[in-house]
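Start from chain A and add chains B, C, D, E and F according to the hints.
Protein chains in written order, with my numbering: chain A, 1 to 129; chain B, 1001 to 1129; chain C, 2001 to 2129; chain D, 3001 to 3129; chain E, 4001 to 4129; chain F, 5001 to 5129.
Certain hints may be false.
Unchecked claim - In silico DSSO-like pairs for lysine-lysine, Cα to Cα no more than 30 angstroms straight-line:
#  : chain 1 : residue 1 : chain 2 : residue 2
1  : F       : Lys5056   : A       : Lys117
2  : F       : Lys5126   : A       : Lys29
3  : D       : Lys3029   : F       : Lys5126
4  : B       : Lys1117   : A       : Lys56
5  : D       : Lys3126   : D       : Lys3029
6  : E       : Lys4117   : F       : Lys5117
7  : F       : Lys5029   : C       : Lys2056
8  : B       : Lys1029   : D       : Lys3117
9  : B       : Lys1056   : B       : Lys1117
10 : D       : Lys3117   : D       : Lys3056
11 : F       : Lys5117   : A       : Lys29
12 : A       : Lys29     : C       : Lys2029
13 : A       : Lys56     : B       : Lys1056
14 : A       : Lys29     : A       : Lys126
15 : D       : Lys3117   : C       : Lys2117
16 : B       : Lys1117   : D       : Lys3117
17 : C       : Lys2117   : B       : Lys1117
18 : C       : Lys2126   : C       : Lys2029
Everything labelled a hint here was simulated from the structure, so no lab data went into it.
Listed here are the chains, written in short residue letters.
Number of protein chains: 6
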Amino acid sequence: MEDERFHRGLETVRRIDAENAGRLEEALKDIAPDLYRYIIGFAFGDVISRPGLDLKTREIVTVSALSAMGNARPQLRVHLNAALNAGCTRDEIVEVLMQIAVYAGIPASLNALAQAKEVFAEREGKGRT
Amino acid sequence: MEDERFHRGLETVRRIDAENAGRLEEALKDIAPDLYRYIIGFAFGDVISRPGLDLKTREIVTVSALSAMGNARPQLRVHLNAALNAGCTRDEIVEVLMQIAVYAGIPASLNALAQAKEVFAEREGKGRT
Amino acid sequence: MEDERFHRGLETVRRIDAENAGRLEEALKDIAPDLYRYIIGFAFGDVISRPGLDLKTREIVTVSALSAMGNARPQLRVHLNAALNAGCTRDEIVEVLMQIAVYAGIPASLNALAQAKEVFAEREGKGRT
Amino acid sequence: MEDERFHRGLETVRRIDAENAGRLEEALKDIAPDLYRYIIGFAFGDVISRPGLDLKTREIVTVSALSAMGNARPQLRVHLNAALNAGCTRDEIVEVLMQIAVYAGIPASLNALAQAKEVFAEREGKGRT
Amino acid sequence: MEDERFHRGLETVRRIDAENAGRLEEALKDIAPDLYRYIIGFAFGDVISRPGLDLKTREIVTVSALSAMGNARPQLRVHLNAALNAGCTRDEIVEVLMQIAVYAGIPASLNALAQAKEVFAEREGKGRT
Amino acid sequence: MEDERFHRGLETVRRIDAENAGRLEEALKDIAPDLYRYIIGFAFGDVISRPGLDLKTREIVTVSALSAMGNARPQLRVHLNAALNAGCTRDEIVEVLMQIAVYAGIPASLNALAQAKEVFAEREGKGRT
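Chain A with its partners taken away, still in its complex shape (with noise of 0.2 angstroms):
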């Protein structure tokens, strides 16, 4: 059972961005490979694989809620990706940051927009939506 949930958060953030979920692995390899494990499982496998929400939604959840927190770009980037791997469009994207500078301030929606801008020139240069 424990396999079947790894395995569904697995599924899920590769299909919300599979070079990312990569990264991920990478990154926490030789420090901590049993979090790789419990994100894979809760994050992906418990919460964001639920059907409740499509993932579009999900990802507008994040980018809304990491925008607002400002403190957590390399997330940021990650998500603004996957919003838009989820079928967001940029427009979308724009609104949604626009909108966290009535509730956040000013300055948060300005340092999202300024990674949104990046992200959008970065996968221009590959060709990608």
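Using the frame of chain A, we list chains B, C, D, E and F on its own:
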């Protein structure tokens, strides 16, 4: 044009939660009446009324941001109501708040869920979904 | 295996604070019963029950994090109790909270100490250390 | 020299808000009496009593910081009073708190203004400006 | 009237830091040009240009808020410059940032001072105070 | 007595991380030399040198607080080193940082672990544990 902007904002805020729009005006009229005008104009007239995201998604953005920040309880309560008014189901809100545990920690999720429970009960008491 | 993980978590959470384990289940059972299972599994079964740190040190970690963040009062109260249950003395807890003033500012320290004072008094009322 | 520092701090804290200085001592005397001495010495003796900024400006700094952080309500209340004691007008405080909306978001501003409203009413009840 | 508001904002933002006003427009023009208009209108046209506080005090408010929050480095840099432009002395800025140590912790103060040091050196290189 | 306090602080900060004590003095000597004295006196002379907690536990408190707050990277780096100097093993630090995922979210944990990885590698390069 400024009037147009204010009226668009007022219409939006009333569509989201008419009762709360009144409370906001009431709360600010003695101490900072201009801020009431700015909030209606900027938050609701400029940003929230933009066509790029539907109101339901916008409320999911706000609920995600406020529950992740964890220091804006009165506004989270308002927007849990607004999310329901905008067509979110209770189950969808619970999914959003569970996901916050992954990105902002379990306490942020539990505190937002405790507020959601109160909002759900209050609405039930009034015969609303 | 999943069952094993849940039971290990349940055992750990009950060892820390049996009363609170019950309250958590009660709080979540109507609104987000699956989250209760995830928290027991991930927070307590995966992380807190790991052998690499004793429970007393783990509670010091939690009390430090929550008092520095300053936006999780109900959880800080739970973990002030849990720290005492795990063998921290009151004096040790006070030392931890005083140190928070250096890193998160004097208000964060004062607010956590005010909660500690309430927890100490409450336990005294029940004849507990 | 240490005594001099403590006395300078005590003089400053009493000048800002004599009543609150007493409450702080009272709050800490049983649980962390040394912290009371450190706060008077460091916060008020070392920093706040420095000649480089007048007390009114210093209180504006504190009110700005605490309202932006949004997780130190009891201290914000103290410093709203202290700002008024130091010569800020109510209108100036309202200007400061409105500006917080730009940098920390509208909820941070609204929550601080709600506290300011309470403080203003309380002082009116006592016949103070 | 809307035009009046935008022009008042533009005038204010240029008075604070003309170079930065240009950078903001540049940064947003491709990704969120409307947000540029909203920021000029709301932040600068509505709020910052209000007569109730002089510009120097307004920049002290902003520097205090941003350094306490600690997650808006690019904006803190802009407003350290803006504060100097508005008539703050370097010594006054240092006093503000030292005081942040009391309320938001020593790391927040040290990180803001490190940025101030860079800004001061940069301006020296350009022969500005 | 003030001298005694400063010297006790200096001794403590040097015991924790002599190299960093020098860097702190260097960083502040031009811009805020008095703050250097206050930090040594208050943070290290008053608080950290108190006998109520051993230095290893004190560093665990600091690492927990800073990684949970997530906006004090340079100080987290200093205190990851200090924790190792005070007798924490790498495994213990990793346990602390994994636990932060539960209370402050997975991004806070991952970002602190990424810094720990750098610190561990840097020390390895210098032949230190």
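Against the structure, the hints come out as follows:
no. : hint                     : in the structure
1   : F/Lys5056 with A/Lys117  : 43 angstroms, violated
2   : F/Lys5126 with A/Lys29   : 23 angstroms, holds
3   : D/Lys3029 with F/Lys5126 : 47 angstroms, violated
4   : B/Lys1117 with A/Lys56   : 25 angstroms, holds
5   : D/Lys3126 with D/Lys3029 : 28 angstroms, holds
6   : E/Lys4117 with F/Lys5117 : 29 angstroms, holds
7   : F/Lys5029 with C/Lys2056 : 40 angstroms, violated
8   : B/Lys1029 with D/Lys3117 : 11 angstroms, holds
9   : B/Lys1056 with B/Lys1117 : 19 angstroms, holds
10  : D/Lys3117 with D/Lys3056 : 19 angstroms, holds
11  : F/Lys5117 with A/Lys29   : 11 angstroms, holds
12  : A/Lys29 with C/Lys2029   : 36 angstroms, violated
13  : A/Lys56 with B/Lys1056   : 14 angstroms, holds
14  : A/Lys29 with A/Lys126    : 28 angstroms, holds
15  : D/Lys3117 with C/Lys2117 : 29 angstroms, holds
16  : B/Lys1117 with D/Lys3117 : 29 angstroms, holds
17  : C/Lys2117 with B/Lys1117 : 29 angstroms, holds
18  : C/Lys2126 with C/Lys2029 : 28 angstroms, holds
In summary, the structure is inconsistent with hints 1, 3, 7, 12 from the numbered list given earlier, while agreeing with the others.
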